[in-house]
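Asks: Spelled out from the first residue to the last, the chains are:
Protein chains: 2
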Amino acid sequence: MNFNNLDKTLAFDDLRKLGRVSLRNNLTARRISTYSAVAGADLTYNYAAMPVNNEIIDKLQELCDEQELVEKYIELLSGEMMNPGEKRLVLHHLTRGNCTGKKVIADGEDKEEFYKGELEKIKDFSEKVRSGKIKGSTGKKIDTVCQIGIGGSDLGPRALYLALKGWAAGEKVKQLRAEFISNVDPDDAAGVLRAIDPEKTLFILVSKSGTTLETLTNQMLVTKSLRGVDPAKHLVAVTSKTSPLASSKDVLTSFFIDDYIGGRYSSTSAVGAVILSLAFGFETFASLLEGAHEADNNALNGDIRKNAAMMDAAIGVYLRNVLGCRETAILPYSQALCRFPAHLQQLDMESNGKHVSRNGEKVDYETGPVVFGESGTNGQHSFYQLLHQGTDMIPMQFIGFRNSQYGFDTQVEGSTSQKKLNANLAAQIVAFALGRDNENPNKQFDGERCSSLLYADRLTPKTLGALLSHYENKVMFQGFLWNLNSFDQEGVQLGKVLAKKVLAGCEGDDVLKAYADILI
Amino acid sequence: MNFNNLDKTLAFDDLRKLGRVSLRNNLTARRISTYSAVAGADLTYNYAAMPVNNEIIDKLQELCDEQELVEKYIELLSGEMMNPGEKRLVLHHLTRGNCTGKKVIADGEDKEEFYKGELEKIKDFSEKVRSGKIKGSTGKKIDTVCQIGIGGSDLGPRALYLALKGWAAGEKVKQLRAEFISNVDPDDAAGVLRAIDPEKTLFILVSKSGTTLETLTNQMLVTKSLRGVDPAKHLVAVTSKTSPLASSKDVLTSFFIDDYIGGRYSSTSAVGAVILSLAFGFETFASLLEGAHEADNNALNGDIRKNAAMMDAAIGVYLRNVLGCRETAILPYSQALCRFPAHLQQLDMESNGKHVSRNGEKVDYETGPVVFGESGTNGQHSFYQLLHQGTDMIPMQFIGFRNSQYGFDTQVEGSTSQKKLNANLAAQIVAFALGRDNENPNKQFDGERCSSLLYADRLTPKTLGALLSHYENKVMFQGFLWNLNSFDQEGVQLGKVLAKKVLAGCEGDDVLKAYADILI
Chain E
24 MNFNNLDKTL AFDDLRKLGR VSLRNNLTAR RISTYSAVAG ADLTYNYAAM PVNNEIIDKL
84 QELCDEQELV EKYIELLSGE MMNPGEKRLV LHHLTRGNCT GKKVIADGED KEEFYKGELE
144 KIKDFSEKVR SGKIKGSTGK KIDTVCQIGI GGSDLGPRAL YLALKGWAAG EKVKQLRAEF
204 ISNVDPDDAA GVLRAIDPEK TLFILVSKSG TTLETLTNQM LVTKSLRGVD PAKHLVAVTS
264 KTSPLASSKD VLTSFFIDDY IGGRYSSTSA VGAVILSLAF GFETFASLLE GAHEADNNAL
324 NGDIRKNAAM MDAAIGVYLR NVLGCRETAI LPYSQALCRF PAHLQQLDME SNGKHVSRNG
384 EKVDYETGPV VFGESGTNGQ HSFYQLLHQG TDMIPMQFIG FRNSQYGFDT QVEGSTSQKK
444 LNANLAAQIV AFALGRDNEN PNKQFDGERC SSLLYADRLT PKTLGALLSH YENKVMFQGF
504 LWNLNSFDQE GVQLGKVLAK KVLAGCEGDD VLKAYADILI
Chain U
24 MNFNNLDKTL AFDDLRKLGR VSLRNNLTAR RISTYSAVAG ADLTYNYAAM PVNNEIIDKL
84 QELCDEQELV EKYIELLSGE MMNPGEKRLV LHHLTRGNCT GKKVIADGED KEEFYKGELE
144 KIKDFSEKVR SGKIKGSTGK KIDTVCQIGI GGSDLGPRAL YLALKGWAAG EKVKQLRAEF
204 ISNVDPDDAA GVLRAIDPEK TLFILVSKSG TTLETLTNQM LVTKSLRGVD PAKHLVAVTS
264 KTSPLASSKD VLTSFFIDDY IGGRYSSTSA VGAVILSLAF GFETFASLLE GAHEADNNAL
324 NGDIRKNAAM MDAAIGVYLR NVLGCRETAI LPYSQALCRF PAHLQQLDME SNGKHVSRNG
384 EKVDYETGPV VFGESGTNGQ HSFYQLLHQG TDMIPMQFIG FRNSQYGFDT QVEGSTSQKK
444 LNANLAAQIV AFALGRDNEN PNKQFDGERC SSLLYADRLT PKTLGALLSH YENKVMFQGF
504 LWNLNSFDQE GVQLGKVLAK KVLAGCEGDD VLKAYADILI
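Which chain is which? The protein sequence lines are E and U, in order. Quick note, the numbering used here runs 23 ahead of the 1-based positions in the first sequence. Quick note, the numbering used here runs 23 ahead of the 1-based positions in the second sequence.
Hints are computed from structural coordinates only; laboratory data are not their basis. Idealized CB from N, CA, C, for every residue including glycine. Do not rely on the hints blindly, as some may be mistaken.
To be verified - Just so you have them, the derived chain U footprint on chain E, three or more residues with Cβ under 8 angstroms: (1) 131–140; (2) 168–179; (3) 188–194; (4) 227–239; (5) 268–281.
Please build the complete structure, drawing on both the sequences and the hints.
Replies: Below, the structure is given as structure tokens:
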């Protein structure tokens, strides 16, 4: 396996020499029907409005080959130590199936069996809670589940929960309400606790180490507020086998995760499984895993034109390192995905927001972009002004679905809301790409603002699984292209150290103390 | 009045020649105690961790003088036509008080009296609903209010509502629950309608023209769902006097707005007043106005060191046009402000994301940055990795409060959650600015990552008003510095035109049709 920096590859040098592609000159109906790659499940990635052509794509294929993207992915799937900084395997794919058929043994156990075993425990537990076999300590049925966790224990599961609420309502799947407490700001817990009935609520404490400050503090706040119920009967843990929470008498039961799945990749582990199985039933979660597994398998395809995650990753690197774009806007035309951009923000920026290669040397090129976004059409009435007429070009990724989740709609002026929604999506892609000339510069649209489109028939659990996996694999492939370790996060450490110093009285650090004096 | 481009000023030329300021060499406790400007109410802006020094600040003062920031602000306050593209006055400041004492006459009326008159109507109406004098059509008390609006009719009011919920709970102020329907995606309305009792809900339809597609479509969806109640008794309008909604029999009553307040600046007009007065009482909203008015008055100060909005604006331009920064991260350490960055995203990016000067010519420099953000400490566990160790420098703006809203807290390991929250805030500013050297490049923090801090004692309605105004005035001043019209939004028009074309069958446009075929 070669671990070379991007700027040491032959293909990258060539890419920089190729001519630029004008969308105004090239975007045609034919291109829209052919510039398309399967992502998995029924999810498709269309890159017709990206500034690439066959010559550039061929070169991107060479780059992916040279950087051994599929080979590295197979190594990762096979249990090689692909997080060298933390000396860990990277096993989140294994939570949704085995793509290689190989056994992965670590910590003296078969990891596939371990993840499956936890899923079985979660299936059993969630069914008992949903059917009312397991009740609260005062004998009431549980109708609310509340996740206490931060970062990956919060953003992914929250985004997925919101993404499936409407689908479950449309399908008449029984739902438990889910709430989330994440911030160490005590107002976060206070707000959630005010809105729930503790007798009918089950709390899920998520902390791999069992020592995350925010999470443990929020556990204390919750416990303090639980008057009249037995906290131990209303709390389960998702933690590692070796954490103090694993065998604590303070929890009803524990579900296990391990060191080989980072927080931002943990939605398909017990971190997401417990709350989503409780909220929507285990079958729903299993269907999400199935969609993710399909997309994981698709990402093994060495042909960039048949591998959406690879194409998306390679085009992203082209935009970043050849065209100099610094941001990516994620624009789902689906209210259900309203918090999905926040999850992707963590996934992408925490994975590839790095200045050091996996070999431990400073890189000489730009890496992960700033990721932001809101659901459309809301964004159109907000920040799209800058996307259309601002002085920088911001690449966009649209997400759309032919059908709504609830199936509740009405005709106004001859069209349904769903049709209006997607008419806007189509219109925006074209407006950004082609623009429109006007002799009044204030009404001039230069066009050449590129975007891609991920689309499917409807946002179901399976499609959502594929969507989640698409982005995880895209980020992984970009990490390989940039030669980064996408699975550690050393950049969050210094802040933690200094926060402890402030809590200890600043230890003679004048600058820290000056800020603490203002704020505390 | 001079309307010159930034690059035509003498001060800008000089600024580019001045040396760079190293935070590692300059950030001291003394600097933290002096690099501070009043914003209004008890809100303070601290810029000690920004890469400026007295020499640069003096030059920024010259730049603000040369671009006549205060003079232009006074013109605007006095009712001059400061939105020349749409030939409109810009009067949002007048909704919260008269800063100049001058009468502003337009459309044949005294505008201050007009806004005050609407406020009186809103006071009266909201008191009647809250006391139960006005009930739903089936005789039940209203306990939920639901705003139907998009863009500025949604983002600002929603952010302010969420910002005040915890304060109201802490103060035991009676609350009506507020919900928002914005997206044309029918799943948005379906989700909200599922969660409310129509007999106890009052809907507020917000559309200046009375013709906003998303909003009218959502009105239809809502009306369709209101079985068993008289829709006209459950719907009020916020609209212009000339709109079809103004005298509609479909609404219980109407509150008026005019053309002189753009959507993104409308939170202190009836657009925010109706829902916030219903949710928290008119006195709460009046207090928010008071805070905003204080900050508006403060922004009149010609001394940049005493005018937080001007300092913030000028430093932002320095970062953008001298140091080449393209983004601003807004990081409130307050869960109550969780959607405030989304409001600022619209406010800033829609106002200044432009490539044409107010004189109608293409500018030769970069304008408004990408604005994004999430609440801390959540962001620390998400995208801060990139902020600390990514390859671009992203300026940050932190927001903090000494005290929580609810007052619900507990000691864990010797400190409250509120103290932990602010210890983290202080730690992050210092970690970003000073970094820390390590012989392992993966653990190296270069520092020199700049941030500013807006802080106050507690997030009250008055402080929130000042915070809102601070950003509005900052954006306005930046528009003056860049010589933009910050009050139009021509960039959103083309997408609207093309969406209509899709709904009409694409009118022979092959490219549009190819996307429509995929999506519809």
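Asks: For the stretch 131–140 of chain E, count the residues whose Cβ lies under 8 angstroms from any Cβ of chain U; is that count three or more?
Replies: With 0 residues close enough to chain U, the hint is violated.
Asks: Residue count check for the stretch 268–281 of chain E against chain U: does it reach three with CB-CB under 8 angstroms?
Replies: violated (count 0)
Asks: Does the stretch 188–194 of chain E contain three or more residues whose Cβ lies closer than 8 angstroms to a Cβ of chain U?
Replies: holds (count 3)
Asks: Taking 8 angstroms as the C-beta cutoff, is the stated coverage of the stretch 168–179 of chain E by chain U satisfied by three or more residues?
Replies: holds (count 5)
Asks: State whether the coverage of the stretch 227–239 of chain E by chain U holds or is violated, taking the criterion as 3 or more residues with Cβ-Cβ distances under 8 angstroms.
Replies: Since three or more residues must qualify, the claim that chain U covers the stretch 227–239 of chain E holds, with 3 doing so at under 8 angstroms.
Violation of the numbered hints given earlier is confined to hints 1 and 5; the remaining hints are satisfied by the structure.
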